[in-house]
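For chain A, the structure is supplied; the task is to place chain B on it using the hints.
Heads up: the protein sequence lines correspond to chains A and B, in order. First residue of the first sequence: 404, per the numbering used here; consecutive thereafter. First residue of the second sequence: 13, per the numbering used here; consecutive thereafter.
A portion of the hints provided could be inaccurate.
[To be verified] Cross-link-like lysine to any residue pairs, in silico, SDA-like; alpha carbons within 20 Å at most:
{"#": "1", "chain 1": "B", "residue 1": "K88", "chain 2": "A", "residue 2": "K430"}
{"#": "2", "chain 1": "B", "residue 1": "K126", "chain 2": "A", "residue 2": "D493"}
{"#": "3", "chain 1": "B", "residue 1": "K88", "chain 2": "A", "residue 2": "P456"}
{"#": "4", "chain 1": "B", "residue 1": "K126", "chain 2": "A", "residue 2": "K430"}
{"#": "5", "chain 1": "B", "residue 1": "K126", "chain 2": "A", "residue 2": "A458"}
{"#": "6", "chain 1": "B", "residue 1": "K126", "chain 2": "A", "residue 2": "T497"}
{"#": "7", "chain 1": "B", "residue 1": "K126", "chain 2": "A", "residue 2": "G502"}
{"#": "8", "chain 1": "B", "residue 1": "K126", "chain 2": "A", "residue 2": "P585"}
{"#": "9", "chain 1": "A", "residue 1": "K407", "chain 2": "B", "residue 2": "P149"}
{"#": "10", "chain 1": "B", "residue 1": "K126", "chain 2": "A", "residue 2": "P457"}
{"#": "11", "chain 1": "B", "residue 1": "K88", "chain 2": "A", "residue 2": "H501"}
{"#": "12", "chain 1": "B", "residue 1": "K126", "chain 2": "A", "residue 2": "E499"}
{"#": "13", "chain 1": "B", "residue 1": "K126", "chain 2": "A", "residue 2": "D479"}
{"#": "14", "chain 1": "B", "residue 1": "K88", "chain 2": "A", "residue 2": "A467"}
{"#": "15", "chain 1": "A", "residue 1": "K430", "chain 2": "B", "residue 2": "P118"}
{"#": "16", "chain 1": "B", "residue 1": "K88", "chain 2": "A", "residue 2": "I475"}
{"#": "17", "chain 1": "B", "residue 1": "K88", "chain 2": "A", "residue 2": "P457"}
{"#": "18", "chain 1": "A", "residue 1": "K430", "chain 2": "A", "residue 2": "G477"}
If you're looking for bench data, these hints aren't it; they were derived computationally from the structure.
Each chain is listed here by its residues.
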Amino acid sequence: MFDKVLIANRGEIALRIHRACREMGIKTVAVHSTADANAMNVRLADETVCIGPPAARDSYLNVAAILSAAAITGADAIHPGLGFLAENADFAATVEEHGFIFIGPRPEHIRLMGNKVAAKEAARRLGIPTVPGSPGTVCDPAAANAAAHEIGYPVLIKASAGGGGRGMKVAKDATELCRLLPLAQNEAKSFFGCGDVYLERHLERPRHIEIQVLGDGRGEIIQLGERDCSLQRSHQKMLEEAPSPALNCDERERLGTLAITALRELAYKGAGTLEFLYQDGEFFFIEMNTRLQVEHPITEMISGIDIVREQIRIAAGAPLGYSQSDIRLCGHAIECRINAEDPRTFLPSPGRVTDYHAPGGLGVRVDSALYQGYQVPPYYDSLISKLIVHGKSRNECLMRLRRALEEYVISGIETTIPLHQHLAGAAEFIDGDYDVHWLERFVRDRG
Amino acid sequence: MRIGGRRPPFPDAELIRTLAGLLTETGLTEIEYAIGDRRIRIARVPGGAGPQTGPALAPSPPLLASVLVDDSAAVKAPMVGTAYLAPQPGDPAFVRLGDSVVEGQPLLIIEAMKVMNQIRAHRSGRITQILVADAQPVEYGAVLMMIE
Chain A
404 MFDKVLIANR GEIALRIHRA CREMGIKTVA VHSTADANAM NVRLADETVC
454 IGPPAARDSY LNVAAILSAA AITGADAIHP GLGFLAENAD FAATVEEHGF
504 IFIGPRPEHI RLMGNKVAAK EAARRLGIPT VPGSPGTVCD PAAANAAAHE
554 IGYPVLIKAS AGGGGRGMKV AKDATELCRL LPLAQNEAKS FFGCGDVYLE
604 RHLERPRHIE IQVLGDGRGE IIQLGERDCS LQRSHQKMLE EAPSPALNCD
654 ERERLGTLAI TALRELAYKG AGTLEFLYQD GEFFFIEMNT RLQVEHPITE
704 MISGIDIVRE QIRIAAGAPL GYSQSDIRLC GHAIECRINA EDPRTFLPSP
754 GRVTDYHAPG GLGVRVDSAL YQGYQVPPYY DSLISKLIVH GKSRNECLMR
804 LRRALEEYVI SGIETTIPLH QHLAGAAEFI DGDYDVHWLE RFVRDRG
Chain B
13 MRIGGRRPPF PDAELIRTLA GLLTETGLTE IEYAIGDRRI RIARVPGGAG
63 PQTGPALAPS PPLLASVLVD DSAAVKAPMV GTAYLAPQPG DPAFVRLGDS
113 VVEGQPLLII EAMKVMNQIR AHRSGRITQI LVADAQPVEY GAVLMMIE
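Isolated chain B, as found in the complex:
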C-alpha cells in the first residue's frame, strides 16, 4: 500500500546530486541507498593507477551513476539476442506503455539463433517504461521494461 502522498518520479536527480556530493566529500568509492524496494548505487569507476587513465580507456566521467531503479519492477533479459515487441512483423505490439499486465503475460520476444523465446511478466502491474526498441540487440540482464 502506498502512503504519504504522490511518489516523486524515479530516478530522482536531486537524490543523485546529494549522493554524488557525499561521495566526493567523504572520499568513499561507492554509496548504495535503499528505501523499501527502491535502490540506487553511485560508484566511482575504479581507474588505472590514480589520476592517469591510459589513452585506451574510453573517456568517462570519474563518477559513474549506476542507477538500479526499482529492481523488483525491472523486466530483465534472461538471454542474449534480438528483442521483438510484436509476435510477428506487422502485428501490434504485445504491450504498450501504460498497459496493465498480469503475471505470466507475454511482453516481448527475444530471438536467439532463430529460436523465438517469449519473455513473460514476472509480476502483475502497469507497464511504466519500455526501454528497448523493436529489433534491438540485448544482452543478458538488460532492463527491457518496468512493471510497477
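Chain A on its own, in the form it takes in the complex:
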C-alpha cells in the first residue's frame, strides 16, 4: 500500500481523497494554488506544497509543478481527483513515466474514452447500444446534412474531444445545421483544443442514467448500480439520485450485465462510469468517464463501498476482495450540489462564509470543504458543498432531504440551497417523473 499520496486537486474532492487516504494510514500531500492556501484539505494535509498562482493553468493544470511537488515530497502516487487533469491521458502517462503511480485507469483507456467518437465506436464493438449518430466526425455542411438525413432531425452537434455537457448545439433542420456547424466547431476548438464534431439524434425526453463500475485491471468488473442524473441545468447536474426511480428490476439488471460484459473485455482498471440516455425503455450509450465523479457519494451510501478507497487499493495492485454477488444495494440516496451562486440568477457569489452549520443526523452526509470564516475564491467552479441523504426508501429520503436542507446554514454568500428546497417540494420531482429538460423548465417557470 502507498505510504504517501499527492492529491492533485482542490475543494471538496481534495478533502474527500484526503479522508480516504487518512483512513488507510496513508500520508497526504496537498498541492494548492496561492488562492487555496487556507483550504481545509490544505490545513489538514500532512504536507503541503504551493504550486502556483490562482489561475488553474498555472497551478492545478500545471503538470511540471505537480510532478515537481511529487518529487520533492517523495510521494508514491498521485490522485488526480476529477476535472483538471483527471481525464488527461498524457498526464497519466507522464506520471507513470516519472515513477509515480497514477490513481486511475490506464492511459490508453483514458485516451480511448476521451475521444467521444472513438468511445462510441468502442462501445458499439463491445455490444453496447449507442445513440444513433454520424459514423464519425462531420467536417462540412454537406457531410453533416447527409449524416443528419440518416439519423433524423432534430440532431445534436457534439465535440469529439468534449464532455461534461459542454459545447453542444441542437439543430432542428438542415438550415439550422448549416448555420450552427461552424459555430460548434469553433467552440469545440476553444473549449477542448480540437474542432472535431459529430452528430447524434437529439432525444426529446430522455433521462440521464449512468452506472458506476470498478475494475481490478485483470478482468474482474463490479458494478455498483445506476444513478439518475436527469436534473440538469445547462447540461450541468444539479441533483442526483440512486437508484433511478424510472427503472424496474429487469432494466437495472440488463444495464448492469451490459456494463460488466463490455468492460471485462477491456480489462478496465479503476473506477469508471458509463453514461446513457434512457427513453421509452431503451438505453443509449453516450460516453464513459474514466475517473471519479462528483456524484459518487450516492452510490457509496446505497452500496456501502468507499469508491475512493477502492481506487487507491486497485492502483496499489490489491485484488478487489469481493465479487458482484457480495454487492447489496440498500435503500435510496439523493445528492444536492450546492453552488456559491445566486439561487435565481445563478450569478457566482464568492466571498467569506460568516456562519456555517452543516446538517447532521442519521443518513445525512455533507461533503464540503467549507468552514466558518472560509473565503470562497472567485477563480474556480462554484460547487462548494454536496448534501447527501440516505433513507430506507425514497420517501424517507425525501423527508430527510427536506429536513436537512432547512437545517443547513451557509451565511455571507449566496447559495443554491433555496432552489433545492423549492425543487424538493415540486410534484414531479417527488413523483420521480422528470427528464433531462424538466429542470430547465422548472427554473424558468418559477420566475
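Structure of chain B alone, referenced to chain A:
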C-alpha cells in the same frame, strides 16, 4: 533616498506586539500595516466553529503573525523544485550574504524535473538575507532571498 537616520531592523518585534495587542483589543480578524514599501500583516487564523478546533487541526496559536517583510525586496520562487545555491556541486555559491548584485544576475538554481532553472535578481542591491539552504525543496512563492 533614506532619511531620518538608521532604519530599525525588520521584522520589528515591538511593532508586532503592538499590532497583536490592537487585534485582541478591537476584536478585528486582521490588521495590515504599511509604510513606504514595507508591509506587515497580522491575522487571526480562521478557526473551526468558535473555540472548538477539532483534534485534526495542528495545534497553532490563535494569533498568526504573517510577516510580509519588504515585499519588493523578496526574491520569490517562481516554481516548485529543489534550490541549489551553486552552479554545480562543489562550486562556490552564486552569491553570499552581503554581496552586491545587479538586476538580472543569477542568484540560485531551482531544479524541477531534472531541468535547472536559473533564478535571477529582479533588482540591483545587496543580499541581506538568504532564507533557503542548498538542496532545500521550495514551493511556488517561497521567499528565497532578500535584496535591499
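Has the given pair, B/K126 with A/D493, been kept, meaning a C-alpha gap of at most 20 Å? holds (19 Å)
Verify the proposed pairing of B/K88 with A/A467, using a straight-line Cα cut of 20 Å. Within the cut-off at roughly 18 Å; holds.
B/K88 and A/I475 were given as a pair; does the straight-line alpha-carbon distance stay at or below 20 Å? holds (18 Å)
Given the hinted pair B/K88 and A/P456, is their Cα-Cα distance within 20 Å? The given pair, whose Cα atoms are some 12 Å apart, holds under the 20 Å limit.
20 Å Cα cutoff - pair B/K126, A/P457: violated (25 Å)
Hinted pair, alpha-carbon criterion (20 Å max): B/K126, A/E499. Please report holds or violated. holds (16 Å)
Are the Cα positions of B/K126 and A/G502 separated by 20 Å at most? holds (14 Å)
Hinted pair B/K88 and A/H501, Cα distance within 20 Å: Violated. B/K88 to A/H501 sits at ~27 Å, over the 20 Å cutoff.
Checking one constraint from the list: CA of B/K126 to CA of A/P585, max 20 Å. Satisfied? Violated. B/K126 to A/P585 sits at ~43 Å, over the 20 Å cutoff.
For a C-alpha distance cap of 20 Å, please report whether A/K430 and B/P118 respect it. violated (36 Å)
Sort out whether B/P149 lies within 20 Å of A/K407, counting only the CA atoms. Distance ~17 Å between A/K407 and B/P149 Cα, so the pair holds.
Given hint A/K430 paired with B/K88 - CA-CA distance at most 20 Å: Judged against 20 Å, a Cα distance of about 28 Å means the pair is violated.
Hint violations for this structure: numbers 1, 4, 5, 8, 10, 11, 15, all remaining hints satisfied.
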